[in-house]
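Just so you know, the sequences run in chain order F and B.
So for the first sequence, this note's numbering puts the first residue at 1; every next one is plus one.
So for the second sequence, this note's numbering puts the first residue at 1001; every next one is plus one.
Derived by calculation from the structure, the hints in this document are not laboratory data.
Possibly wrong hints are sitting among the right ones.
Anything over 12 Å on all C-beta distances counts as not near chain B; from chain F, calculated [stated by the list, open to error]:
{"no.": "1", "residue": "S28"}
{"no.": "2", "residue": "F48"}
{"no.": "3", "residue": "E60"}
{"no.": "4", "residue": "D82"}
{"no.": "5", "residue": "S83"}
{"no.": "6", "residue": "T99"}
Just the calculated beta-carbon pair ranges, DEER-fashion [stated by the list, open to error]:
{"no.": "7", "chain 1": "B", "residue 1": "T1079", "chain 2": "F", "residue 2": "E15", "range": "44 to 52 Å"}
{"no.": "8", "chain 1": "F", "residue 1": "E60", "chain 2": "B", "residue 2": "T1020", "range": "34 to 42 Å"}
{"no.": "9", "chain 1": "F", "residue 1": "K69", "chain 2": "B", "residue 2": "T1077", "range": "19 to 27 Å"}
{"no.": "10", "chain 1": "B", "residue 1": "N1028", "chain 2": "F", "residue 2": "S19", "range": "37 to 45 Å"}
{"no.": "11", "chain 1": "F", "residue 1": "P80", "chain 2": "B", "residue 2": "P1107", "range": "16 to 24 Å"}
{"no.": "12", "chain 1": "B", "residue 1": "F1012", "chain 2": "F", "residue 2": "S19", "range": "16 to 24 Å"}
{"no.": "13", "chain 1": "F", "residue 1": "K57", "chain 2": "B", "residue 2": "Q1041", "range": "22 to 30 Å"}
Below, a list of computed lysine-lysine pairs in the BS3-like style, where the Cα atoms sit at most 30 Å apart [as the list claims (entries may be wrong)]:
{"no.": "14", "chain 1": "F", "residue 1": "K42", "chain 2": "B", "residue 2": "K1009"}
{"no.": "15", "chain 1": "F", "residue 1": "K68", "chain 2": "B", "residue 2": "K1070"}
{"no.": "16", "chain 1": "F", "residue 1": "K42", "chain 2": "B", "residue 2": "K1070"}
Just so you know, even glycine gets a beta-carbon here, dropped at the ideal spot from N, CA and C.
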Amino acid sequence: EDQVTQSPEALRLQEGESSSLNCSYTVSGLRGLFWYRQDPGKGPEFLFTLYSAGEEKEKERLKATLTKKESFLHITAPKPEDSATYLCAVLDNAGNMLTFGGGTRLMVKP
Amino acid sequence: DGGITQSPKYLFRKEGQNVTLSCEQNLNHDAMYWYRQDPGQGLRLIYYSQIVNDFQKGDIAEGYSVSREKKESFPLTVTSAQKNPTAFYLCASSTPGTGQNEQFFGPGTRLTVL
Chain F
1 EDQVTQSPEA
11 LRLQEGESSS
21 LNCSYTVSGL
31 RGLFWYRQDP
41 GKGPEFLFTL
51 YSAGEEKEKE
61 RLKATLTKKE
71 SFLHITAPKP
81 EDSATYLCAV
91 LDNAGNMLTF
101 GGGTRLMVKP
Chain B
1001 DGGITQSPKY
1011 LFRKEGQNVT
1021 LSCEQNLNHD
1031 AMYWYRQDPG
1041 QGLRLIYYSQ
1051 IVNDFQKGDI
1061 AEGYSVSREK
1071 KESFPLTVTS
1081 AQKNPTAFYL
1091 CASSTPGTGQ
1101 NEQFFGPGTR
1111 LTVL
């Protein structure tokens, strides 16, 4: 059974204070690892897909990286508008189902 | 604009009642999914459908039912058998098997049982 664990559960940062969110996973065969952003009361917004160890993707202040056991979402010089819950998910071996982690709630204070 | 719509945004149900949540997409995606999200938690898969007239149970299908009569539509019925239905329900769609497996989500329906 695929499992995804995200840490920390919550993270408070000052504006401009860079940090990283962790997503550890165990899967029988990784078909893809996905990062989403979710604002309160809204549906998740797709950020990145990573397919193989060593892969990296960037978007504005966010950079996602992948190893064989975990993924990191690095946030460089965050702004208050980056405050949200960040969700990580893995695609099962058959390519049908996503298994989500519990999310990291990020709060960036001005 | 292409996208996924869910209705209603808020839904209140009395105990013992069945309710149906609507999900429509105009992205021409083959696959559609229903998830449940409880406060402070991640998403759990209820049902998914990869083609019309076919669907599969996810991790928490008990007390729910779905249909997929049209490619664009995937309604979810929360039955009276669902013991704790109060939650945020999210619908998603994707095009699996094309190399682009990202699921795109609708805005969600918040269901409250009174």
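Hints versus structure:
Against the 12 Å criterion, F:S28 stays outside the reach of chain B, whose nearest CB is about 16 Å from its own CB. For F:F48, the non-interface assignment is contradicted: its Cβ lies about 9 Å from the closest Cβ of chain B, within the 12 Å cut-off. With 12 Å as the threshold on Cβ separation, the claim that F:E60 sits away from chain B holds: the shortest Cβ distance comes to roughly 18 Å. The non-interface label for F:D82 is consistent with chain B: the shortest C-beta to C-beta separation is roughly 19 Å, beyond 12 Å.
At roughly 16 Å from the closest C-beta of chain B, the C-beta of F:S83 stays outside 12 Å, upholding its exclusion from the interface. The Cβ of F:T99 does not lie farther than 12 Å from every Cβ of chain B; its closest approach is about 8 Å, which violates its non-interface assignment. A hinted range of 44 to 52 Å for the beta carbons of B:T1079 and F:E15 is consistent with their spacing of about 47 Å. Evaluation of the 34 to 42 Å hint for F:E60 and B:T1020 yields a pass: the beta carbon distance comes to about 39 Å.
For F:K69 and B:T1077, the hinted distance range of 19 to 27 Å is not satisfied, since their beta carbons lie about 39 Å from each other. At about 39 Å, the CB distance of B:N1028 to F:S19 agrees with the hint of 37 to 45 Å. Against the hinted window of 16 to 24 Å, the Cβ-Cβ separation of F:P80 and B:P1107 comes to about 23 Å, which satisfies the hint. At roughly 40 Å, the beta-carbon separation of B:F1012 and F:S19 lies outside the given 16 to 24 Å, and the hint is violated.
For the hinted restraint 22 to 30 Å between F:K57 and B:Q1041, the CB-CB distance of approximately 26 Å keeps it satisfied. Between F:K42 and B:K1009 the alpha-carbon distance is near 10 Å, which keeps this suggested pair within the 30 Å criterion. Distance check on the hinted pair: F:K68 and B:K1070 sit about 39 Å apart at the alpha-carbon level, beyond 30 Å; violated. A distance of roughly 25 Å separates the Cα atoms of F:K42 and B:K1070; the hinted pair therefore holds under the 30 Å criterion.
The structure fails to meet hints 2, 6, 9, 12, 15 from the earlier list, while all remaining hints are met.
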